[in-house]
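Student: Residue numbers (the numbering used here), protein chains in the order written: chain A, 1 to 115; chain B, 1001 to 1112.
Keep in mind that the hints were calculated from the coordinates and are not lab data. All of these numbers come straight from a predicted model, not from anything done at the bench. Just so you know, even glycine gets a beta-carbon here, dropped at the ideal spot from N, CA and C. It is possible that some hints are incorrect.
Looking from chain A toward chain B, a few residues come up when the C-beta cut is under 7 Å (computed) [unchecked claim]:
1) F33
2) T48
3) L92
4) G100
5) Y101
6) E103
7) F106
These are the residues of each chain, in order.
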Amino acid sequence: SAVISQKPSRDICQRGTSLTIQCQVDSQVTMMFWYRQQPGQSLTLIATANQGSEATYESGFVIDKFPISRPNLTFSTLTVSNMSPEDSSIYLCSVEARMGYNEQFFGPGTRLTVL
Amino acid sequence: LAKTTQPISMDSYEGQEVNITCSHNNIATNDYITWYQQFPSQGPRFIIQGYKTKVTNEVASLFIPADRKSSTLSLPRVSLSDTAVYYCLVGDPLAGANNLFFGTGTRLTVIP
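Chain B with its partners taken away, still in its complex shape (with noise of 0.2 Å):
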């Protein structure tokens, strides 16, 4: 399994934009990098997927360099109701669950 390494939190005002990085040093050529969201007394929930470079949806940015070593998901503009528990994942979208690791997370409080 890709293990990989977040900050454990991190605090943003709101109307700014939060960077979480994320590092993935042992990542493999097939794996994709997933980011998830985690409210209290709910289950994650998928915000966005890349394999390089860039990629931006309705959500957040991901944004990974060349070596893939790392990736940084950026929410833009983040409001009290961005703050949640962010997990950065690595694994093979056609390998199953079972080849995803869901480490720490960071916990990101948005302060008023």
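Same shape as in the complex, but just chain A (with noise of 0.2 Å):
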């Protein structure tokens, strides 16, 4: 299994600033997911970030609000960028945990609160 950190853990933010999101991964992976879960919500997919290429940013979801870096196998950002409180919410990243499964490993999670 892969042990997944986060940080920050939580933050409050003040509207019109950007927070970067940390997300570090024990072993090497190719793919690593960015999911947003708002409060009492389900989760949604935001982007997948393969080492070396740009981001693939789903429906809803674009570049120049949520920037995302993938530098190495084992570590990726994303950032909120110019937030409003619509943007409070719990990030997650996520890795595949094995081919042929849906299985994947999620981080504990970022608690983001825009005032």
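Please dock the two separately framed chains into a single complex, following the hints provided.
Tutor: Printed below as a string of structure tokens:
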């Protein structure tokens, strides 16, 4: 199994600022995923991040708002830019556990509150 | 994306067997059925995956009828620690996470 850590675990930010969330995995992985989970809601995939290429964004999410970096096979960052209260959510990163299974390991999440 | 429908919530007493049913009428040939568990303030955790008939592991059983348009997650003898949200997903395991859809999930509350 993979161990995933995220920093920060939580933050409170002002409207209009940006926050960068870090995701660290204890093993090398090809793909990393970023999700958003709004309070009491389900998870929504934001983007898929492959090392060495630009992230692939899902419908409703754009690179200008959620730039992603993937500098190596164990690390990724997600930036939430020009934040508004609607961005208040839990942001989770995940990695695929094994080929042939819809199994992902998830990080503990970053709880973001925008005032 | 194959969408799923599950009950919003369920209550059960400790020690009982709990069955959570998920409907997925537009499941595709290459899709597998996967269940996740999520505790508060944690990321989801994989429970079980199956394609057809029955799959069992140390945590749960998954029953899938021949038409595959629904599936049932069975948790034997639940305890208070099984209180969580359970998500049913369908998708092709070789197609990546972007073909998976986390629906509303079922909030299971286990009562002493």
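Student: When the nearest CB of chain B is found for A:L92, is that gap smaller than 7 Å?
Tutor: Holds, because the Cβ-Cβ distance from A:L92 to chain B comes to roughly 5 Å (cut-off 7 Å).
Student: Would you settle whether the hint for A:T48 is holds or violated, based on the nearest Cβ-Cβ distance to chain B being less than 7 Å?
Tutor: holds, 6 Å
Student: Was the hint right that A:F106 lines chain B, CB cutoff 7 Å?
Tutor: holds, 3 Å
Student: Quick check on the hint: A:Y101 CB to chain B CB, less than 7 Å?
Tutor: holds, 5 Å
Student: Grab the minimum C-beta distance from A:E103 to chain B and call the hint holds if it beats 7 Å, violated otherwise.
Tutor: Holds, about 4 Å.
Student: Return the status of the interface hint for A:F33: holds when the least beta-carbon distance to chain B is below 7 Å, violated otherwise.
Tutor: holds, 5 Å
Student: Per the CB criterion, is A:G100 less than 7 Å away from chain B?
Tutor: This hint holds: A:G100 lies near chain B, its Cβ roughly 5 Å from the closest one there, short of 7 Å.
Comparing the model with each numbered hint stated earlier shows that all of them hold.
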